[in-house]
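Enquirer: In case you want the letters, here they are:
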Amino acid sequence: MNISEYRGVWVFAEQRDGEIQKVSLELLGKGRELADQLETKLTAVLLGNHIKNSASELIYYGADEVIVVEDALLDIYTTEPYTKVLTEIINENKPEIILMGATALGRDLAPRVSARIHTGLTADCTTLEIEEETNHLLMTRPAFGGNIMATIICPDHRPQMSTVRPGVMIKLERDESRRGDIVEVTSTLTKEDMNVEIIEVVKETKQKKKIEEAEVLISGGRGVGKKENFQTLELLAKELGGLVSGSRAVVDNGWIERDYQVGQTGKTVRPNLYIACGISGAIQHVTGMEESELIVAINKNASAPIFELADVGIVGDVEKVLPAVIDELRLLKQKA
Amino acid sequence: MNIIVCIKQVPDTTEVKLDPKTGTLIRDGVPSIINPDDKSGLEAALKLKDDLGAHVTVLTMGPQQAEVALREALAMGADRAILLTDRAFAGADTWATSCTLAAAINKIDYDLIIAGRQAIDGDTAQVGPQIAEHLKLPQVSYVEGLKVEGSSLILKRVFEDRYHLVKVKTPCLITTLKEMNEPRYMSVGGIIDAYREKEIEVWNLKDIEVDHSNLGLKGSPTKVKKSFTKGVKTAGKLYEVGHKEAAKIIVEKLKEKYII
Amino acid sequence: MNFNLTKEQIMLQQLYREFAEKEVKPLAEEIDEKEMFPIETVEKLVRYGFMGIPFPKTYGGAGGDAVAYTMAVEELSRVCATTGVIVSAHTSLGAVPIYEFGTEEQKQKYLVPLAKGEKLGAFGLTEANAGTDAAAQQTTAILEGDYYILNGSKIFITNAGYADTYIIMAMTDKSAGTRGISAFIVDAETEGFKIGKKEAKLGIKGSATCELIFENCKIPKENLLGKEGKGFGIAMKTLDGGRIGIAAQALGIAQGALDATVSYVKERKQFGKPISYFQNTQFQLADMATKIEAARLLVYKAAYKKDTNQPYSKDAAMAKLYASEVAMEITTKAVQLHGGYGYTREYAVERMMRDAKITEIYEGTSEVQKMVISADLLR
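So the protein sequences, as listed, match chains A, B and C.
The numbering of the first sequence is numbering that gives the first Met the number 0, which starts it at 0 and goes up by one.
The numbering of the second sequence is numbering that gives the first Met the number 0, which starts it at 0 and goes up by one.
The numbering of the third sequence is numbering that gives the first Met the number 0, which starts it at 0 and goes up by one.
So here's chain A without its partners, still in its complex pose (with noise of 0.2 Å):
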């Protein structure tokens, strides 16, 4: 393989519905970066059907070419049809390096275009560089349970792909005075192509119910002083799609179920954010929750036990702070 032919950078548009992902603009404003600093272009590639309008938004995040391949058979993901179509334009256009999301679509056929193409896929990644003496792509990403950072090359391969976490990189702002070329592909998929049939489509909110089970825990003790304050908790939970979980005293006042309840005598959780509100950190209810990734507490009283195990600690009320966290992050939303 000679790796000098490979030339440019490519992100995989992905798009539901005609709807394009947000990870694949995050994408562009990575591979831009990329591109500039290899002085490539950077392309973006569309699959479906009827989706030939969304190819300037990827212009106008940051995208110099589009290549688009409408067919019906693109029109809902399914694995074979859009590894052949991605494999025959890559084959012919011989990108040196290709970006998807690392969603449950790119995960299923990022590796499936590696295999066929024959070159490495490193996943989910969390940062990606180009090494300077080599061009060489660093993508680090974490391993063993997130536990440790492992940076990843493919030095004799290319295309050198990599997906990327979700929220991990910073898209462009939109700018619609952008310009580029979109490339129309003609696909050659046949009925055969399509060895999955898809029944039903069927959308759905998901909602995990145990908090055992749950990323984000909203969680509330005395301090948040009486039951109806419990919907503010539950406000900020839905805004981080999480669960309201709560100390084994807020479960004997009736504030909220047993099934909630983090510590000794109830669940033991270890969520990715754990916020604790007005909860003073008595050794039971920190048996229960010590193991979370991150820990923010939010209490009135400074000396609070929770504070020594927090890693963001808040002196301050509960009442106050969380419709504050939760203006703040609709602000943010509305931003994006």
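Don't read these hints as lab results, they were simulated from the structure.
Owing to the predicted nature of the structure, the values given are computational and were not obtained by experimental measurement.
The reader is advised that the hints may include incorrect statements.
Said to hold, decoys possible - Derived Cβ-Cβ restraints for the label pairs, each shown as a range:
1) A/ASP35 x B/LYS46: 50 to 58 Å
2) B/SER226 x A/ASP35: 26 to 34 Å
3) B/GLU181 x C/LYS236: 36 to 44 Å
4) B/ASP49 x C/VAL261: 39 to 47 Å
5) A/GLU214 x C/LYS272: 45 to 53 Å
Claimed, not checked - Below, in silico cross-link-like pairs of lysine-lysine (DSBU-like), each with a Cα-Cα straight-line distance of 35 Å or less:
6) B/LYS106 x A/LYS83
7) B/LYS247 x A/LYS208
8) A/LYS170 x B/LYS177
9) B/LYS225 x A/LYS21
10) C/LYS21 x A/LYS202
11) B/LYS252 x A/LYS319
12) A/LYS266 x C/LYS265
13) A/LYS226 x C/LYS265
14) A/LYS209 x B/LYS254
15) B/LYS106 x A/LYS226
16) A/LYS170 x B/LYS254
17) B/LYS236 x A/LYS21
18) A/LYS319 x C/LYS272
Glycine is no exception: its CB is placed at the ideal position from the N, C-alpha and C atoms.
With chain A's structure known, arrange chains B and C on it following the hints.
Expert: Positioned in the frame of chain A, the structure of chains B and C alone reads:
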């Protein structure tokens, strides 16, 4: 119906801790387990055995110690167990791993191959689809529900905000999510059989037909350049500020940790 | 001499622990609080082969041995002593006597469903006036035609009411003393067999402990276990084996209390540091762990001797004597190290201390064990 379940023995990463002084990984005393997504795949296969009398073969590639994972699978009810082990396989990335496993699978009768979606020590989700590609099989990954209909499978394939109900003809490969089911325990009698009645078949390089340039570290397109720990968790900070300022601090931290 | 567990035993232990942690522990507090027999847990125990561990597969068992069985009772009791004793009474007292003394027909009819766990077993020897003096049996069994007619009552019977098959001792010849005692297999459905009052107890509250009442209870002649007049011997041999089970239960309780204490002292802070930093705590833990390990060696050794067909009566007595006293001591210390919290229902050590006491009493009090041990020495 002949089912092959690919399993991996992994360290229980929830038990891994960082040395608070050096920031290095403490691996001592970390138990080895069957990867959770794989275990649900095995459970799905064993259900098909219960319901339809399927024959279940478990296959793993790994060092000699991975035998324990296979015995565990036998003790849960699998019929046959194959350990693919050779120094030539060591250091493989997902490409080389999938080439090796596919070569072994070529020697076994199957209608369905099940792999866990991803392993908790690597989290790549790549080996399953790559095996499917090497074997030219249809694949359905992220499977959370399975039903047999004649020579086809009806599968619930999960995405972030939706699921697809799909139909695929066997032979095919699916990758399963641990949410799919609650795997059974081993049984006492199963463990005793696994050690006294059943055998683990050990296959080496000479037992499979594979292009040697696709094996192990040498056959791996990707290489680990370096690895490092994220460092020691520093003591948290306590803020006594106004609530708006506090909210900003919290949200900043959530961004920093990729929670939002 | 080899003190290492085999690979098979290590995997069994892993199963027992995982099952105990996930299926048994979450219910331990509730079944104690509500004095509730854990029927659903028993159904799961059945599914995974816990109810017939030491019996051959040909009789519906798991094909294991006494060591494998002992480890199961230990691990279950480590999180819930009630669950431990249900398995122990069923296996050692309900099923083993049929396996060891039953005819082939009796084994097919009664042992197979017990070993498969389709039926639950129990054992009745103790009477109101025949405790440690077990020979003072008053329940009678009179042969009339093809039936023995049982009259009398038993007390403190574990698994009573939930069991389907009972091994019952009764006098077939009142004039012959211990040689007048015979053993019977009694079906729970038998006419004239009734469950009497349920005891309210200090510990192992989820375990059903009741009186059994026999009123002209007609037992088919073929349900005589062993020969007429051999019942006392059967009961004593059965209790020898049962003691290993209770010793394992005690061992498990002690280990559970130590585990809970080790994690507590690392977290509980007083005087600005975890109490594990204090030498008093450290030395207490060292003593506790050492005694538990000594108890474990005695318990496993007794089981090993049973498995290798060596006399084990004295070993079983020593194991039960020591392990039960260790359980009482360790749970008491565990409560002490937990301080005020340890005295509350919030922490499991409170329950463990209550559960531990019975191990010094049932299946032969500590004093009975000393009689067995000294009798062997002074023979």
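Enquirer: Report the numbers of all earlier hints that the structure fails to satisfy, in ascending order.
Expert: The structure conflicts with hints 5, 15, although it agrees with all the remaining ones.
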